[in-house]
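Engineer: For the sequence shown, counting from 1, position 84 maps to 112 in my numbering; every step adds exactly one.
By construction, these hints were calculated from the structure, which means they are not laboratory data. Because the structure is a prediction, the values reported are computed rather than measured. Do not take every clue at face value.
[To be verified] Computed cross-link-like contacts, DSBU-like style, restricted to lysine-lysine with a CA-CA straight-line distance of at most 35 Å:
#1 Lys30 x Lys246
#2 Lys152 x Lys246
#3 Lys262 x Lys30
#4 Lys262 x Lys152
#5 Lys194 x Lys262
#6 Lys246 x Lys194
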Amino acid sequence: MKIGLFLTNQQFRETDMVAALDEQVAMVHHMRDHGWDSLISGQHYLNEGDNQQLQMVPFLSRLIPEAGDMQVGLGILLLNLHNPVYTAETVASMDVLCGGRLIFGVGLGYRDVEFNAFAVPRGKRVARFEEYLTLIERLWTEDSVSHCSDTCILDNVRMNIRPVQKPRPPIWLAANNDPAIARAARVADCWFVNPHSTIETITRHMEVYRQALRDAGKPAPAELPIVKEVYCAKDRRTAMEVAGPYLFGKYQNYASWGQDKVMPENESFDQEFEDLVQGRFILGSPEECYEQLRPYWEQFGMNHLVIRTHWLGMPGQLALDSMQMISDELLPELRRVESQPAA
Numbered sequence: 029m030k031i032g033l034f035l036t037n038q039q040f041r042e043t044d045m046v047a048a049l050d051e052q053v054a055m056v057h058h059m060r061d062h063g064w065d066s067l068i069s070g071q072h073y074l075n076e077g078d079n080q081q082l083q084m085v086p087f088l089s090r091l092i093p094e095a096g097d098m099q100v101g102l103g104i105l106l107l108n109l110h111n112p113v114y115t116a117e118t119v120a121s122m123d124v125l126c127g128g129r130l131i132f133g134v135g136l137g138y139r140d141v142e143f144n145a146f147a148v149p150r151g152k153r154v155a156r157f158e159e160y161l162t163l164i165e166r167l168w169t170e171d172s173v174s175h176c177s178d179t180c181i182l183d184n185v186r187m188n189i190r191p192v193q194k195p196r197p198p199i200w201l202a203a204n205n206d207p208a209i210a211r212a213a214r215v216a217d218c219w220f221v222n223p224h225s226t227i228e229t230i231t232r233h234m235e236v237y238r239q240a241l242r243d244a245g246k247p248a249p250a251e252l253p254i255v256k257e258v259y260c261a262k263d264r265r266t267a268m269e270v271a272g273p274y275l276f277g278k279y280q281n282y283a284s285w286g287q288d289k290v291m292p293e294n295e296s297f298d299q300e301f302e303d304l305v306q307g308r309f310i311l312g313s314p315e316e317c318y319e320q321l322r323p324y325w326e327q328f329g330m331n332h333l334v335i336r337t338h339w340l341g342m343p344g345q346l347a348l349d350s351m352q353m354i355s356d357e358l359l360p361e362l363r364r365v366e367s368q369p370a371a
């Protein structure tokens, strides 16, 4: 079992972003010094509400020198918003910066404000996503690439900057619903499982994924990652009291952005926190967290756990308190886990 951290790059508008970055560097140093495996962060543009966000590529590039030998992951790049040549050269450059340890996490996105800002019209979002992903892989591996579409014209070009990893970095595709999960099986190395879905929904979605792998003639992925919201404290009550306000605020933001509108009908975030937690979030003592996490490897075969334990507005020290307990007590137990394959 690999263990990673999803590092929050969102802060309230009044937050000193330089001071917040110092806290995030401290979290990366903790990971590096305690044997964590991966550092992941995410991307949005034009944040709504009372928050601001560092852009993922410069943010992670700043943290690469602090990360030691950890993998560094784009989790996720909103692929169809960006010119594919820009993406191919940027991701190849990042793979060089981290010595060939980059994870290329991609997703479709769901916010109209982002699609509109980058002029991605309705009806073309999925097609553009697949076009760009295919073209990026060609630019990384072929000596001559020609392409003609509404947004990118290439005439017998060769991209000289290539990823360190051959033929390319691993592609993780984030997906929340049936068509997107089937797409992940078809075009990516693995499905990057979201932190939002309940156990019941993931159980059904895993059948969708397994069937799509069979339909594509592909084996189970060697690596199956998932993000989980986790907070470790001395007991569940303390974890709920400490993390609850920040975690609940995160999901209220998701609801206002429409995240749950692209998920199954029973996955609404418009509920009280005590109900929202059930079957979704991992809160409690290290022993309780371990038991809550157990289904993800025993039932689903997940073997790369990306933990998010810091949310908008939470003081950095509270996140470090949880990380310390994870490092001391939960991580050693997770290292002993042997998961079953996804299919």
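Engineer: List, from low to high, the hint numbers that the structure doesn't satisfy.
Structural biologist: 4 and 5
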